[in-house]
Amino acid sequence: MLRYVIRRIIYLIPLFFGILIIVFVASRIAGNPVQLMTVQNPHITAEARQRLTEYYGLDKPLYHQFFIYLAELFQGDLGNSYALRGGIAVTTLIGDYAWLTFELQLAALFLSLLIAIPVGIISAKKQYSKLDVTVTTTSLLGTCIPVFYMGIIAIIIFAYFLGWFPAGGAHSILPERYPFGSYVLDELWHMALPTAVLTFATLAPVVLLVRSSMLEVLRQDYILAARASGLSERSVIYKHALRNALIPVVTYVGLYFGAMLAGAPVTETVFNWPGVGRLFVEATTKLDFPVIMGITVFITIMTLIANLITDIAYGYIDPRIRFE
Amino acid sequence: MLMAPKEILKIENLTTHFYTWAGVVKAVDGVSLEVKEGETLGLVGESGSGKSVTALSILRIVPRPGRIIDGKIIYKGENLLEKTESEMEKIRGKEIAYIFQDPATSLNPVFSVADQLIEVIRRHQNVTKEEALEKAIELFRLVEIADPEIKIWSYPHQLSGGMKQRMAIARALSCQPSLLLADEPTTNLDVTIQAQILELMKNLKKKLGMSMILITHDMGVVAGVADRISVMYAGRICESAGTKTIFYNPLHPYTRALLEAVPNIAMKREKLKIIPGAIPNLVSPPSGCRFHPRCDFAGPACVSAVPPLVEIEPEHYVACVRAKEFSGKLPSRS
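Line order of the protein sequences matches chains A and B. Mapping of the first sequence onto the working numbering: position 310 corresponds to residue 539, and the numbering continues sequentially without gaps. Mapping of the second sequence onto the working numbering: position 50 corresponds to residue 51, and the numbering continues sequentially without gaps.
You can take every hint at face value.
Partner residues aside, some chain A positions facing chain B, computed with beta carbon under 8 Å:
id, residue
1, Leu453
2, Arg456
3, Leu460
4, Asp547
Quick list of simulated restraints, FRET-style, between CB atoms:
id, chain 1, residue 1, chain 2, residue 2, range
5, B, Ser305, A, Ser358, 41 to 49 Å
6, A, Asn501, B, His158, 46 to 54 Å
7, A, Gly398, B, Arg123, 53 to 61 Å
8, A, Val234, B, Asp116, 20 to 28 Å
9, B, Glu79, A, Ile382, 57 to 65 Å
Honestly, the hints are just simulated from the structure, not real lab data. The beta-carbon is built from N, C-alpha and C at its ideal position, and this holds for glycine as well.
Using the sequences and the hints, build the whole thing.
This is how it looks when you write it as C-alpha cells:
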C-alpha cells in the first residue's frame with residue numbers, strides 16, 4: 230500500500246513539472262502585464278516602463294524566469310501579486326480565498342451526493358415509472374442548463390424579486406446586517422444561493438450516473454442469486470447492488486473532486502463569491518503572473534492528492550483493484 | 002412394495018410471460034411438472050425453451066419485465082403463488098435453493114465469500130457471526146474445498162471456476178434446503194471439473210436427502226444424475242418420464258431428435274443429426290404443437306390444436322397427438 234502511494238507520487242513529479250511549464254509559457258504568451266498596468270497612465274515614459282519590466286524580472290529570457298520561479302517555489306515562496314492588494318504574497322492570498330472555496334464546494338458536493346444517491350437508486354428501482362421519468366428529465370435539464378444561467382435566474386428570483394437571500398458576496402458589509410448578529414449565520418445566508426445552484430449542477434449528472442449504474446448492476450446474476458438466497462430487498466439493493474453501483478460514481482466524484490478544489494470559476498464569479506475560482510479569473514484578466522502560477526500550483530497539487538485518494542478509495546470499494 | 006413417494010413440488014399450468022417492447026414473450030406457457038421427495042428431475046431443452054424461467058418462477062424471482070400470470074406452484078402442499086413477499090423470503094434459500102449457471106457472475110465480486118455465506122446463514126438461522134462462520138467452514142468441507150479456513154476469506158475473483166461453483170453450491174446448501182434448483186450448474190466449467198461437480202452434487206443430494214431439479218441442455222448430464230426427465234420445448238413440457246424410458250422409449254419426436262443430436266463414441270463417422278430450424282419466436286409462437294414446423298411427422302392435427310400432456314403409459318406423459326403411433330417401435334427419421 231505504502232509502496233503503491235510512493236510509486237504514484239514519483240509518477241506525479243514529471244506531470245507536475247509539465248503542467249507548470251505549460252501554464253508558465255501560456256500565460257506569458259497572453260500579453261504583457263506592464264503594458265496592462267500602465268495603459269491608463271498618459272504620463273508614463275518608456276523608461277519608466279522599462280524600469281517596471283526589470284523590477285518584475287520580465288526582461289530576462291523565459292527559461293531564466295522559469296528557473297527563478299522554480300528556485301523560489303522550492304523555498305515555499307510563490308511570489309507577490311502584481312495587481313492585487315498592493316502586492317500581497319500569493320501564499321497569503323490563496324490561503325484567504327481557499328477556505329471559502331472549500332466551504333462552498335464541500336457543502337455542494339456533500340448535499341448533491343446525499344440527494345443523488347438515494348434518488349438515483351429509487352429511480353432505477355422504479356424504471357420507467359412516472360417518478361423515474363420526472364427524475365431523469367429534471368436531471369437532464371440540470372446537466373444541460375449552464376451554471377451561470379442557472380445562477381443568474383436564481384439571483385433574479387430569490388434575491389431580486391423575493392429578497393430572501395443576498396445576491397452576492399460572502400458577508401454583509403455592515404455587521405448590523407448580520408442575521409441575529411451572528412457572523413457564521415451571515416456567511417451561511419450568503420452561501421445558500423451559490424450552494425443551491427452548485428448542488429443542482431453537480432447533482433444532475435450524479436443522479437443519472439447512479440441510476441444507469443444501478444440498472445446495470447440489478448441485471449447481474451449475483452443480484453438474482455442474492456434474491457434467491459432469501460435476502461431482504463433492502464440488503465439486495467442497499468448492500469449487494471449499491472456497493473457495485475458506486476464504483477463508477479467514485480471515479481466520477483474523484484475526478485470532480487480535483488476540479489472542485491480549484492473552485493468553480495463561473496459560479497464564484499456570478500455570485501461574487503471570494504473564492505479561488507474567482508481569484509483565478511481576476512488574475513487572468515489582469516495578467517497577474519505570480520497569482521496565475523500560484524493557483525496553478527495549488528490546483529495541481531490538490532488534484533493530484535484527490536486522484537490519489539480516489540485510487541485508495543477504489544481499493545476499499547472493489548477488492549478486484551486492491552494493490553498488493 | 003414400497004409406497005410411492007409423495008411429491009414435494011407440483012407445478013400446474015405455470016404461465017410466465019415477459020412484457021417487452023417487441024410484444025409479450027410467452028417464455029413459459031402452461032408448464033406442469035412434479036418432483037417427488039428425494040428425487041432428481043432433469044429439466045431438459047434447448048436454450049430459450051423456458052427452463053430457467055420455470056425455475057426462477059418457482060422462487061418468484063423472475064426478473065422484470067417478466068410476470069407469472071397463471072398457474073399453481075404447490076410446494077409441500079402450499080401454493081407459493083399465494084404467499085406474501087416476506088413469506089417467500091423465508092422460503093428462498095432456506096426451503097428451496099438455487100444454483101446458477103455461471104459461477105463467475107453469481108457471486109458478488111465485492112464481498113468475500115465468507116461475508117456472503119455468513120449473511121445467508123444468519124438470514125435464516127438464529128446464530129452469531131462466529132457460529133455462522135463455523136457453519137460456513139463446515140459447508141466448505143462438505144463441498145470438498147481444501148483449506149476451508151483460509152479459502153473462505155477469498156474474493157470471487159481470486160478463485161477458479163470450479164472453486165467458485167463449489168462455493169455457490171455451499172451457499173445454496175447453507176440452510177439445508179429440501180429442494181435444490183440447479184440451473185445448468187456445470188455448463189460453464191471444464192469437462193473434468195463438470196464431472197467432479199456432478200459427482201459432488203449427486204453425493205450431497207443423497208447425504209442431505211434433498212430433492213433436485215437439474216436444468217440442462219446436455220443429455221449426457223441428465224443420464225447420469227436424473228431419476229426422471231421432463232423435456233421442454235418453446236415454453237411447454239413435451240414429454241415427462243423416467244430417465245430410462247426417455248432414453249430407450251422416447252415418444253415425442255422432439256425428444257427423439259434431441260437424443261439423436263447427441264454425439265456417440267460408437268458412431269462411425271456419421272454426420273450428427275441436427276434438428277432443422279431454430280426455436281420459434283415466443284412472441285408469436287406456432288399454433289397447435291409448437292414443434293410442428295420442425296417436426297418430421299407433423300400432420301394437420303398438429304397445426305390446429307395444442308396437444309395435451311397425456312399419460313400414454315404409466316408414469317410416461319407425452320404431449321403429441323401421434324404419440325400412440327410411435328409407441329413400441331419408432332419410425333425412423335429420414
